[in-house]
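Visitor: The listed protein sequences correspond, in order, to chains Z and S.
First residue of the first sequence? That's 1 in the working numbering, and the numbers climb one at a time after it.
First residue of the second sequence? That's 1 in the working numbering, and the numbers climb one at a time after it.
Honestly, the hints are just simulated from the structure, not real lab data.
It is possible that part of the hints are untrue.
Because identical chains cannot be distinguished in the list, a pair is counted as satisfied if it fits within a single copy or across any two copies.
Calculated pairs, SDA-like style, for lysine to any residue (alpha carbon to alpha carbon, straight line, at most 25 Å) [what the hints assert, rightly or not]:
| hint | residue 1 | residue 2 |
| --- | --- | --- |
| 1 | LYS159 | SER254 |
| 2 | LYS159 | GLY144 |
| 3 | LYS128 | GLY88 |
| 4 | LYS159 | GLY38 |
| 5 | LYS128 | PRO18 |
| 6 | LYS128 | ALA142 |
| 7 | LYS159 | ALA179 |
| 8 | LYS128 | ARG176 |
| 9 | LYS15 | SER233 |
| 10 | LYS15 | LEU234 |
| 11 | LYS159 | LEU232 |
| 12 | LYS128 | GLY144 |
| 13 | LYS128 | ALA207 |
| 14 | LYS159 | ARG230 |
| 15 | LYS128 | LEU141 |
| 16 | LYS159 | MET1 |
| 17 | LYS15 | ARG201 |
Keep in mind it's a predicted model, so treat the numbers as computed, not measured.
Protein chains: 2
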Amino acid sequence: MTLVLKLGGSVITDKTEPETVDDDSLDRAIDAIGAHLGTDSASTTVEGVPAIDGGAELVLIHGAGSFGHYHADEHGVSTTAGTHDAAGVLAIHDAMERLNGYVLDRLHDRGVPALPVGPLSAAARDAKGALELSTTVERQLAEGFVPVLYGDVIAREGKGATIVSGDELVVRLANRPDADRVGLCSTVPGVLDADGEVVDRIESIEAASGYLGGSEATDVTGGMYGKIDRLLSLRAPASVFGLDELEDFLAGGSPGTIVDRFSA
Amino acid sequence: MTLVLKLGGSVITDKTEPETVDDDSLDRAIDAIGAHLGTDSASTTVEGVPAIDGGAELVLIHGAGSFGHYHADEHGVSTTAGTHDAAGVLAIHDAMERLNGYVLDRLHDRGVPALPVGPLSAAARDAKGALELSTTVERQLAEGFVPVLYGDVIAREGKGATIVSGDELVVRLANRPDADRVGLCSTVPGVLDADGEVVDRIESIEAASGYLGGSEATDVTGGMYGKIDRLLSLRAPASVFGLDELEDFLAGGSPGTIVDRFSA
Chain Z
1 MTLVLKLGGS VITDKTEPET VDDDSLDRAI DAIGAHLGTD SASTTVEGVP
51 AIDGGAELVL IHGAGSFGHY HADEHGVSTT AGTHDAAGVL AIHDAMERLN
101 GYVLDRLHDR GVPALPVGPL SAAARDAKGA LELSTTVERQ LAEGFVPVLY
151 GDVIAREGKG ATIVSGDELV VRLANRPDAD RVGLCSTVPG VLDADGEVVD
201 RIESIEAASG YLGGSEATDV TGGMYGKIDR LLSLRAPASV FGLDELEDFL
251 AGGSPGTIVD RFSA
Chain S
1 MTLVLKLGGS VITDKTEPET VDDDSLDRAI DAIGAHLGTD SASTTVEGVP
51 AIDGGAELVL IHGAGSFGHY HADEHGVSTT AGTHDAAGVL AIHDAMERLN
101 GYVLDRLHDR GVPALPVGPL SAAARDAKGA LELSTTVERQ LAEGFVPVLY
151 GDVIAREGKG ATIVSGDELV VRLANRPDAD RVGLCSTVPG VLDADGEVVD
201 RIESIEAASG YLGGSEATDV TGGMYGKIDR LLSLRAPASV FGLDELEDFL
251 AGGSPGTIVD RFSA
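Using the sequences and the accompanying hints, generate a full structural model.
Guide: So this is what it looks like as C-alpha cells:
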C-alpha cells in the first residue's frame with residue numbers, strides 16, 4: 001500500500017518571482033501530510049523506526065515552479081532538447097535542490113522521516129528516452145523513510161542531459177506494484193470542463209478531449225492533455241485536486257477529478 | 001578506457017577542524033585534473049560537447065574527511081551500523097553534499113564538465129549489504145560528463161541507512177568493464193613497509209600482511225588492510241600515491257604503490 005503524491009510547482013512556489021517559495025501554501029501542504037502520517041506527535045518505536053500512523057507508505061514528488069523552469073529555459077533544456085553543458089545542468093539542478101531543501105526542512109519540522117532522492121543522481125535515460133531509476137525509492141520506503149523526488153535534469157544517451165518532469169516521475173512511481181492511490185495537488189480544484197466546472201471522472205482521453213484542448217496544447221513538460229493521457233495509463237486511480245482538498249484526499253476521499261480507465 | 005580516481009578525504013579537508021576544506025591541497029588536485037583533461041583551455045566542439053584531450057574518461061570519487069565522519073560518529077552510523085533517524089541521515093548527507101559542492105565549484109572553474117552523483121539518491125543496499133547503483137555514472141560518462149561521487153549514507157534493507165565509503169565506491173566503479181586504471185590519492189606517498197619505505201608493488205594480501213598490520217587494524221571504513229584487500233580483488237591495477245604524485249599518475253606513470261594481483 002503506497003500513496004504517490006505530487007505537489008505541483010505552482011502550488012508550493014510563487015511563479016511570478018524567480019526562486020520564491022509560496023510559504024503559506026507549502027506550510028499548508030506539509031501540515032496536511034504531517035497530520036496524515038501522524039508524525040507531528042509520533043513517538044518512535046523501540047527500534048527507532050518512526051511510528052507512522054497513517055497506514056500507507058508515502059512517496060512525495062514536487063514540481064519545479066519558479067525554481068527549475070527559469071534555468072531550464074535559459075539553457076534551452078526540455079524533456080526532449082538536451083545539453084552537454086555541465087554548468088547549465090548544474091544550474092538547473094542546484095535550483096531544484098534548493099527548493100527540495102525547503103520542502104525537506106518543513107517535512108522534518110513536522111517529524112516526517114523524509115529523505116531526498118535527487119533524479120540527477122538517481123535516474124538517467126537510454127537512447128529511446130526510457131527512464132532508468134535507482135532502487136533507492138524502494139529501499140527507503142521499505143525502511144520507513146518518505147522518499148522525496150522532484151522535477152530535475154538527468155543524463156540521456158545521445159543528448160547529454162534532458163529534463164525529467166515531476167509528472168513523469170509520478171507515472172513511473174505509480175506503476176510500482178503496491179502503489180494504490182495517486183494524487184496530484186494543483187492550483188485548480190480539478191480538471192475543468194468547457195464551462196469551468198470540475199469534471200468528476202475521466203475514463204478515456206477521447207471523452208475528455210473536448211475540454212482538454214487536444215494534444216497540441218502542451219507546455220515544456222506536457223500540459224494537461226499529456227498529463228491526463230499519462231494518468232490514464234496507470235493501473236491505480238489518480239486524483240487531480242486543489243490544495244483545499246489535500247486533507248480530504250489523504251483521508252481517503254476522492255476530491256477533484258478522478259482519472260481511472262478501469263472504472264469504465 | 002576509464003580512469004577511476006579517488007581523492008582521499010584527508011587530502012582535500014583539514015581533518016583537525018570540522019567541515020574545513022584544505023584549500024591548497026584541493027586546488028592542487030583539481031589543477032592537476034583540469035590540466036590532464038585539457039579543459040583549462042578547451043574549446044567546445046560544434047555539438048557543444050566539451051573537448052576532453054586526455055583520452056580516457058574520468059570518474060572522480062572523494063572521501064569524507066572532516067565533513068562526513070563527525071556527523072556519522074554523532075549518529076552512530078557506520079558501514080554496518082544503521083539508523084532509521086531521517087534527521088541523522090540528512091545531517092551526514094548534507095555535510096557531504098557541502099564538501100561535494102566545493103569540489104564541483106573548483107572543477108567547473110577549471111572547465112571540467114563535472115556532475116554530482118550523490119550516493120544517497122543513486123545507491124542502496126540489499127539485506128546482504130550488496131551495493132545497488134543507478135545507471136547514472138554510465139550515462140554521464142558516455143555523454144562526456146565527469147561523474148563525481150563521494151562517501152555518503154544510503155538506505156539498506158533491514159538497517160535503515162548505513163555508510164558507503166569512498167573506497168567501496170572505487171572498487172565498485174573500478175569493476176566496470178572499461179575501467180583500466182585506478183588511482184587513490186592519499187596523504188602518504190604509498191603503502192609503507194615496516195621501515196617506513198614506500199612498497200613498490202603488492203600482489204597478495206599475505207605478502208603484505210607483515211606491514212599492513214592484519215585485518216584487526218581497521219577503522220570505520222576498513223583501514224589500510226581492508227583497502228588493499230579490496231584493491232587486490234580488482235581486474236585493473238590500482239595505484240596508491242600522494243598528492244605530489246597525482247600529475248605523474250594522470251600522465252600514465254606508476255607512482256607510489258601498485259596493487260595488482262595479476263602481475264604475480
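Visitor: Now, for every hint given, state plainly whether the structure supports it.
Guide: Right, here's what the structure says about each hint:
1. LYS159 / SER254: neither (40 Å within a copy, 36 Å between copies)
2. LYS159 / GLY144: between (36 Å within a copy, 10 Å between copies)
3. LYS128 / GLY88: Cα proximity of LYS128 and GLY88: one copy only (23 Å, versus 39 Å across).
4. LYS159 / GLY38: Close across copies (23 Å), not inside one copy (44 Å); limit 25 Å.
5. LYS128 / PRO18: neither (33 Å within a copy, 45 Å between copies)
6. LYS128 / ALA142: Intra 31 Å, inter 15 Å, cutoff 25 Å: inter-copy only.
7. LYS159 / ALA179: Classified as between: cross-chain Cα gap 23 Å, same-chain 31 Å, threshold 25 Å.
8. LYS128 / ARG176: both (21 Å within a copy, 23 Å between copies)
9. LYS15 / SER233: Intra 29 Å, inter 53 Å, cutoff 25 Å: neither.
10. LYS15 / LEU234: neither (29 Å within a copy, 51 Å between copies)
11. LYS159 / LEU232: neither (29 Å within a copy, 37 Å between copies)
12. LYS128 / GLY144: between (34 Å within a copy, 19 Å between copies)
13. LYS128 / ALA207: neither (30 Å within a copy, 50 Å between copies)
14. LYS159 / ARG230: Only inside one copy: LYS159 and ARG230 sit 23 Å apart there, 36 Å across copies, limit 25 Å.
15. LYS128 / LEU141: The answer is between: 18 Å across copies meets 25 Å, while 29 Å in one copy does not.
16. LYS159 / MET1: So LYS159 and MET1 pass the 25 Å test across copies only (21 Å; inside, 37 Å).
17. LYS15 / ARG201: Answer is neither: 28 Å inside a copy and 60 Å across each miss the 25 Å cutoff.
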